[in-house]
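First to last, the sequence lines map onto chains B and L. For the first sequence, position 23 (counting from the first letter as 1) is numbered 23 according to the numbering used here, and the numbering increases by one without interruption. For the second sequence, position 104 (counting from the first letter as 1) is numbered 416 according to the numbering used here, and the numbering increases by one without interruption.
Worth flagging that the hints you see were computed from the coordinates, not collected in a lab. Just so it is clear, the structure is predicted and the values come from calculations on it, not from any experiment. A few of these clues could be false.
[To be verified] Taking lysine-lysine and the BS3-like style, the derived pairs with C-alpha atoms no more than 30 Å apart in a straight line are: (1) B/Lys221 x L/Lys562; (2) B/Lys167 x B/Lys250; (3) L/Lys416 x B/Lys221; (4) B/Lys228 x L/Lys416; (5) L/Lys416 x L/Lys430; (6) L/Lys430 x L/Lys491; (7) L/Lys430 x L/Lys366; (8) L/Lys430 x B/Lys221.
[Unchecked claim] A few chain L residues facing chain B, derived, Cβ under 7 Å: (9) Leu364; (10) Pro384; (11) Gly385; (12) Phe391; (13) Phe393; (14) Asn395; (15) Phe399; (16) His401; (17) Phe410; (18) Pro654.
Note that beta-carbon positions come from the ideal geometry of N, C-alpha and C, so glycine has one too.
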Amino acid sequence: MAAVEETRTTFVAPPASRTPRWLKPTGRILTIVLIGALFAFPLYWVVTMSFKPLPEWNPPGKVYWWPDNPTLENYEKILGISSGEQSVFATGRSRSAVEFLVNSVVAAIGGTILALIVGIFTAYGIARFRAGGRMLPFQILQLRMFPPIAIIIPLLFFYVEIGLWNKEYFGWFNLGLIVLYGAVTFPFVVWLMRSFFQEVPREISEAAIVDGCTQWGAFFKAVLPQVKGGLAATALFVFILNWSDFLIAKVMTQDNNSTAPVYLQSLQGGASGNEYGLQAALACILIIPPAVFGLLIQRYLVRGLTFGAIKR
Amino acid sequence: MAQIRLESLTKHFGEVRAVQDLSLIAEHGSFIALLGPSGCGKTTTMNMIAGLEKPTSGEIYFDDEAISRLEPGQRNVGFVFQNYAIFTHMSVYDNLAFGLRVRKPRPAREEVDREVRKVAETVGLAQALDRRAARLSVNDLQKVALGRSMIVRPAIFLLDEPFSNLDAAFRAYMRAELKRIQHEIGQTMVYVTHDQVEAMGMADRIAVMSLGVLQQYGTPDELYNRPANRFVANFIGSVLMNFLPCAYTKDGDRALVTPTEGESGAIDVSDRRAAIEGREDAASSLTLSIRPERVRIVPPDSGEATLRAKVALVEPLGSRDIIHLRFGEHDLRAVGAPGRRPHIGDNLGLVFDPAAVHVFDDATGLALR
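Construct all of the structure, not just a fragment, from the sequences and the given hints.
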């Protein structure tokens, strides 16, 4: 009996399986947690920092891993609910960020809408009618092949010349930024939407046309609804790009006409010192719009991924 | 109510001649099949009738009205696409209603509802109206496509290989169903297919096309019994036709063709003498041809036999056997009754009745008769 048992083990057991069975999943989970923590820590730091009072920001010789005296002071100041008088660094600079947030929202949404409108038609033209020939998509992408900083200085002169530099209509409508945001994200819209449109069979629009639609009607009623998911994903992507822009806004706007990221940076250094708490609070606020937008269109995002399931 | 008349219809895509000088008439209420291998121009022809392609030259008439300048939506045609072109973001109901809703002026809600329910009943979708089109089976998608083309009450139905993605059983069902619907609504239907069984079984008349050129336009019987050329002979019929090179001789008043290779008797084709002797190039070689179904099998020693061939393979199909034979360097096929199934290696006598034999001119491919 014992002999039989032994033979069996020699045959069945793989040679290197000395580690206990339970350790394998544990090790795996541990690794995941470790890597996750590595990525999550900056986020954790920013969020906790936003609730720390001034003395806990960056005192010499001590690290506050957790706010000892959590406060909403930073949010109140950055949103203009209370003025910054309590701060020892209180200068004219740490004003409310509301104005800048409004500028950001308008510019990012405006730029996104502009890029989507122009980009969608371009993409459909390319995908469906091969508009502009084989090279057009590459020519459009070419706009993005150099870093924006390479052209920002000539563009600055150009904007100054045509009077769009630091120009804000109605105190919130920054046309110059909207146009630039639209222009720099337009190639992404074209490339993303082109591939979504290519997935829609040509017959979809033809069927609508045979039913009596015009080319435009077929596009809006039959084709565009088919790429809803892709459209949502593209809109989110472009919005995030525009929302997080720093360079263009920094160069093209000044003072009250800037966007939130530019203001965020201005909270650092100079006469005011490093206002970490305020920066963190503003950063946390900046996360909200893309996150909310993402949640709202999540349904469509998933559909965007499963798109094409009908191709049987 | 519409007759379709194509007059010298031609379509070139750059260098590619998709359709060449196509003329044919589809009578009102008839069921026409455009048949041919892929790339023969049948779908292009269909698209021109629907208005999705503009002809390079030529004209299309619906009841004597030239329509090639009309927009697709103004032509009053229903189109069923090969891949159905269902709007997957809509329900079955909305898909069916689409054609009515884009009309100007837009019909009243009650009218749309009534029409949608009627059509759904006809195509068998009454229970599925609220379902999302994206979740339908292929078979139901096909029904939606059919229903959607019917709802606008088109004078002409165009169907582009509508059943090619269906499983065999449902395809057979839909074939019968389509014939029923066509009979019911009594409208002209043009049906594109590469499946000759489908075309033969459904159409009143078939237009066989190859490389953009119309080869023959006729009833299924005509195509089967009197193919105009070798291409049609080859394409029509479920068992491949027999072809043998042959020589033409005269014996007094009689005109004879004899297979040039192997030992065989002569076939009397005196009734075609004028055509054979008057062919374009009198020196061109000839091919004789006979449908496997028309080959008569006799004992090898029978004096009646035109030639003798050795059995190479037997394909039993239940109702009949397809017997593959070897005659010299040539493969021949005959159809036999299962009761008298020969063995591989047997010698059989084959009779080619003159009436069943076609003679083709190798230079032009045309049938001589």
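| message | Can you confirm whether the C-alpha distance between B/Lys228 and L/Lys416 stays at or below 30 Å? | response | holds, 26 Å
| Cut-off 7 Å, beta-carbon criterion: hint that L/Leu364 touches chain B | holds, 5 Å
| task | Identify whether the interface hint at L/Phe393 stands, where standing means a beta carbon of chain B within less than 7 Å of its own. | result | Holds, because the Cβ-Cβ distance from L/Phe393 to chain B comes to roughly 4 Å (cut-off 7 Å).
| message | Is the interface hint satisfied for L/His401? The criterion is a beta-carbon contact with chain B at less than 7 Å. | response | The hint holds - L/His401 has a Cβ within 7 Å of chain B, the shortest such distance being about 4 Å.
| request: Could you grab the alpha-carbon distance between L/Lys430 and B/Lys221 and see if it respects the 30 Å cut-off? | output: This hinted pair holds, its Cα atoms lying about 24 Å apart.
| field | Interface hint compliance - L/Gly385 to chain B, C-beta minimum distance less than 7 Å | value | Hint holds; L/Gly385 Cβ to chain B Cβ min 3 Å, cut 7 Å.
| Hint consistency between L/Lys430 and L/Lys491 [alpha-carbon to alpha-carbon, up to 30 Å] | Judged against 30 Å, a Cα distance of about 18 Å means the pair holds.
| query | Quick one, is the L/Pro654 hint okay against chain B at 7 Å, beta carbons? | reply | violated, 44 Å
| field | When the least beta-carbon distance from L/Phe410 to chain B is tested against 7 Å, hint result | value | Holds. Min distance 6 Å.
| Agreement of L/Lys416 and B/Lys221 with the hint, judged by alpha carbon distance not exceeding 30 Å | holds, 15 Å
| query | Is B/Lys221 close enough to L/Lys562, meaning Cα to Cα at most 30 Å? | reply | violated, 71 Å
| 30 Å Cα cutoff - pair B/Lys167, B/Lys250 | holds, 13 Å
The structure is inconsistent with the numbered hints 1, 7 and 18, although it conforms to all the rest.
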